[in-house]
Structures are given as structure tokens and as C-alpha cells.
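Chemist: As a plain string of letters, each chain reads:
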Amino acid sequence: EAGVAQSPRYKIIEKRQSVAFWCNPISGHATLYWYQQILGQGPKLLIQFQNNGVVDDSQLPKDRFSAERLKGVDSTLKIQPAKLEDSAVYLCASSLGPGNTIYFGEGSWLTVV
Amino acid sequence: AQSVTQLGSHVSVSEGALVLLRCNYSSSVPPYLFWYVQYPNQGLQLLLKYTTGATLVKGINGFEAEFKKSETSFHLTKPSAHMSDAAEYFCAVDSGANSKLTFGKGITLSVRP
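So the protein sequences, as listed, match chains B and G.
According to this note's numbering, the residues represented by the first sequence are 45 to 157, in order.
According to this note's numbering, the residues represented by the second sequence are 179 to 291, in order.
The hints are simulated quantities; they were obtained by calculation from the structure and are not laboratory data.
Check before you lean on any hint, since a few could be wrong.
As the list claims (entries may be wrong) - Far from chain G by the CB rule (all over 10 Å, computed), these chain B residues: (1) Lys55; (2) Asn95; (3) Asn96; (4) Gln124; (5) Ala137; (6) Glu150.
As the list claims (entries may be wrong) - According to the in silico footprint, chain B covers these stretches of chain G (three or more CB under 8 Å from chain B): (7) 222-230; (8) 247-259.
Since the model is a prediction, treat every value here as computed from it, not as a measurement.
Backbone N, C-alpha and C fix where the C-beta goes; we use that ideal spot for every residue, glycine too.
Start from the sequences and build out the full structure, keeping to the hints where you can.
Modeler: Written out as C-alpha cells, the structure is:
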């Protein structure tokens with residue numbers, strides 16, 4: 045069974061530029077998450093989708109971050125404009141739904157210089 | 179609200195020694211508890227989880243954890259450390275209907291030959 049796929053794996057951009065990350069969850073998984081993991085910290089939930097609807101985006105900095113899951117499968121996370129403090133690993137995860145195991149991708153590493 | 183406390187940032191043990199990684203949680207409802215492991219440049223992999231039932235749960239790679247409600251703890255143990263156990267370990271709690279994980283800040287485990 046294929047796992048959660050993410051791309052690109054690594055990205056270096058200058059501050060004020062934009063970047064987009066893509067995630068393909070495990071087939072059949074209705075719930076999709078984006079987490080931000082800053083070096084030395086645990087992952088922090090940015091946004092949670094159930095199919096193509098947003099369940100929780102309370103910790104998403106909406107002035108610069110956006111995410112969508114238009115067809116209830118793939119998802120993209122965009123940052124525009126990027127700040128130095130956005131340097132982190134962006135983890136995508138998915139699950140069959142509430143109460144089921146959450147599986148993580150390998151992450152997209154962002155460095156903002 | 180839910181939270182996880184992982185005291186300390188680094189634990190070092192000798193190969194063959196007992197591994198003990200501590201985790202305390204706060205939750206307003208009966209929690210689901212998880213331990214994830216993260217190897218360098220990889221995503222998070224589920225080690226084990228507690229949902230209901232038996233309070234001693236066994237996971238992959240010889241790890242186990244015991245849920246102690248009275249102590250609000252979910253410490254991770256392994257009787258004999260192996261070099262391949264060197265990684266970062268995250269405790270997480272889910273106490274909501276939407277399966278939203280809240281992570282601790284993680285503990286880095288080093289194993290000395």
C-alpha cells in the first residue's frame with residue numbers, strides 16, 4: 045500500500061516569495077492534515093480536512109497561508125509571502141476518519157532565507 | 179483543551195540498557211494516546227497507541243507503554259536498547275471527536291555502543 049506522498053521534499057526560497065506544497069494521501073483516506081514542525085518542536089496542526097471540507101483551520105495563519113483539497117483527494121498548501129519564521133518541515137498526514145490511525149508523509153522541508 | 183508534556187529534550191542510554199521516555203498529558207475527556215518515532219529526514223511513524231481496554235500496549239520494535247490515568251502518564255519503555263532505536267520520539271494525545279493530534283515537543287534518544 046502506497047503511503048502519503050509529498051512534494052517537493054526540499055525547498056529554499058527568499059523571504060517574501062511564495063511556495064506551494066503538494067500532498068497525495070493514502071487511497072481512500074477521507075481525512076487529511078497539514079502539520080508544521082519547527083526545528084526542536086513537535087508538529088503543530090495547521091489545517092484538517094474531511095473529504096473536501098475544512099474541519100479545523102484555527103491555527104492556520106490565514107494572512108499568508110492557504111490550503112485546499114478541491115476534489116477530496118490531493119491537497120496543496122501555499123505560503124505567500126513567506127517569512128523567515130516559516131522555515132520548518134510541513135507534514136501531510138491522512139486517515140480513514142475519526143478514530144483511525146493517522147499516517148504521515150516524509151515531509152516537505154522549507155528554508156526561508 | 180489538551181496538551182502533552184515531555185520533560186527534557188535528550189536521553190542517552192547504552193546499548194542493551196532500559197529505555198524510558200516520559201510523557202504526561204492533559205485532557206478534559208478520556209484520551210487516546212500515541213507514541214510516534216521520527217528517524218532523520220523521515221516522517222513520523224506510529225510506534226503504538228492506546229484507545230480503550232488494556233492499559234499496557236505493545237508496539238513495534240519491542241516498545242511498550244502503559245496508560246496510568248491516576249498519574250496522567252503514558253511513558254514509553256523498551257527493555258533493551260538497540261543502536262537502531264536512535265531517533266526522535268513524540269508523544270501525542272487526541273481527546274476530540276475529530277481525531278486531532280496534539281504533540282509534545284519530542285525527545286531525542288541516543289544509544290551509545
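Chemist: A cut-off of 10 Å on Cβ-Cβ distance, and Ala137 of chain B was said to be off the interface with chain G. Does that hold?
Modeler: violated, 8 Å
Chemist: Counting residues of the segment 222-230 of chain G that have a beta-carbon nearer than 8 Å to any beta-carbon of chain B, does the count reach 3?
Modeler: Holds, because 5 residues of the segment 222-230 of chain G bring their Cβ atoms closer than 8 Å to Cβ atoms of chain B.
Chemist: Is the nearest Cβ of chain G still more than 10 Å from the Cβ of Asn95 of chain B?
Modeler: holds, 13 Å
Chemist: Taking the minimum C-beta separation from Gln124 of chain B to chain G, is that value above 10 Å?
Modeler: holds, 25 Å
Chemist: Lys55 of chain B clear of chain G by more than 10 Å, beta carbon to beta carbon?
Modeler: holds, 14 Å
Chemist: Checking the smallest CB distance to chain G, is Asn96 of chain B really beyond 10 Å?
Modeler: holds, 16 Å
Chemist: For the segment 247-259 of chain G, do three or more residues have a beta carbon lying closer than 8 Å to a beta carbon of chain B?
Modeler: Three-residue rule not met by the segment 247-259 of chain G, so violated; n is 0.
Chemist: Should the label of Glu150 of chain B as a non-interface residue stand, given a Cβ cut-off of 10 Å to chain G?
Modeler: violated, 4 Å
Violated hints for the displayed structure, listed by number in ascending order: 5, 6, 8.
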